[in-house]
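Visitor: Sequence:
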Amino acid sequence: MDTHEPGMAALLTEMRGAYEPRVIEVQGDSVRHDAPARYLLTPGAHGTVQAKNVSDDLEALALHPRRIRRKARAETLTAFVAMVKHHREKHSALFLSSGDAPELLAVIDYHAPNGGTPAFCDHTVSYPFPLAPEWHAWSELNKAAMSQEAFAQHLTDNAIDIIDPLPGLEAAKEDDVPEDVLRLWQYRQAIGGRLATRAQMMQFAEGIEIRAHARVKGKVSLQSGRAGMAWEEDHLDSSGAPLEIPSLFLLSLPVFENGPRYAIAAHLRYRVRDGKVTWFYDMHRADLARRDALEGAGAFAEAETELPLFYGNHR
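Each residue of the sequence shown is one higher than the last, beginning at 63 in the working numbering.
Keep in mind the hints are simulated off the structure, nothing from the lab.
Misleading hints may appear alongside valid ones.
[What the hints assert, rightly or not] Straight-line distance between alpha carbons at most 30 Å, and here's what the computed DSS-like set of lysine-lysine pairs gives: (1) LYS133 - LYS114; (2) LYS133 - LYS152; (3) LYS147 - LYS133; (4) LYS205 - LYS338.
[Unchecked claim] Cβ-Cβ distance ranges computed for the label pairs, FRET-style: (5) ARG333 - HIS198: 19 to 29 Å; (6) PRO190 - ALA365: 44 to 54 Å; (7) GLU368 - THR104: 46 to 56 Å; (8) GLN112 - ALA361: 53 to 63 Å.
Here the structure is a predicted model, which is why all the values come from computation and not from measurement.
We treat Cβ as the ideally placed atom computed from N, Cα and C, and that holds for glycine.
Take these sequences, add in the hints, and give me the full structure.
Guide: Right, here's the structure in full:
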């Protein structure tokens with residue numbers, strides 16, 4: 063294979079003298095840093111010469127590719143950072159998108175800044191932020207109406223995610239607590255009511271589970287001034303003991319797999335119709351916990367890889 067001067071003019075010169083098939087290499091533009099291109103020259107009819115770019119065909123036979131064209135995908139944030147640090151180049155960059163399918167993307171061969179040399183952006187590493195099972199379990203049923211039996215089962219199955227009220231929450235000052243805890247304090251102040259402990263929520267779950275097939279006789283006010291509910295057993299025609307209903311309970315949930323946990327208040331609600339109760343809960347500003355988790359992951363990746371982070375979708 064012959065190597066000649068740069069530019070298409072050199073290719074035309076070679077074509078004029080191509081009486082036998084051969085491969086030549088044409089150097090790219092030195093300003094744009096174009097890669098050399100390889101052409102197969104073959105004689106055509108009436109003294110013409112055919113030129114075909116065979117760079118990709120010959121690359122398959124070479125010991126090394128001309129450049130990396132791969133889209134790697136990390137399964138953990140730690141793996142993402144390790145892969146990016148292994149491959150990063152001078153102009154590599156990170157992109158964090160926060161839509162319905164959030165993603166952290168590293169473009170290894172990214173463009174030079176300020177109108178510098180453009181790049182192909184063919185070599186990337188992505189992390190798709192898989193949801194934590196705990197987050198999925200609670201967010202999937204957020205604001206969903208459930209029967210007494212189903213709600214009691216849900217509380218029991220996921221009891222480990224329910225936490226006791228945070229010590230000092232009532233006396234917390236805005237400057238002294240993390241943002242997720244501050245949201246709890248503000249929400250608690252806004253709606254009032256009682257923050258239940260995990261033990262109280264388990265007692266509550268047991269109380270509604272044993273009444274799963276009973277009719278509600280009515281809501282009652284307990285001596286403590288809190289809300290309660292009384293049942294009557296159809297087969298015994300007798301009333302059940304009043305059951306105290308918590309206003310709020312606290313969850314500690316990771317948003318994404320292997321991520322930090324965030325404190326989230328859940329407002330317990332119910333509806334009574336024809337003697338039947340449906341229960342549901344409302345996770346207060348769960349979207350902010352998701353935002354905090356994404357921003358925290360982005361800041362971690364930016365610090366560990368020492369690459370610039372842009373909020374947006376590169377694709």
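Visitor: Next, verify each hint and record whether it holds.
Guide: Hints, one by one, checked against the model:
no.	hint	result
1	LYS133 - LYS114	holds (28 Å)
2	LYS133 - LYS152	holds (19 Å)
3	LYS147 - LYS133	holds (15 Å)
4	LYS205 - LYS338	holds (18 Å)
5	ARG333 - HIS198: 19 to 29 Å	holds (25 Å)
6	PRO190 - ALA365: 44 to 54 Å	violated (21 Å)
7	GLU368 - THR104: 46 to 56 Å	holds (50 Å)
8	GLN112 - ALA361: 53 to 63 Å	holds (56 Å)
Comparing the model with each earlier hint shows a violation of hint 6 alone; every other hint is respected.
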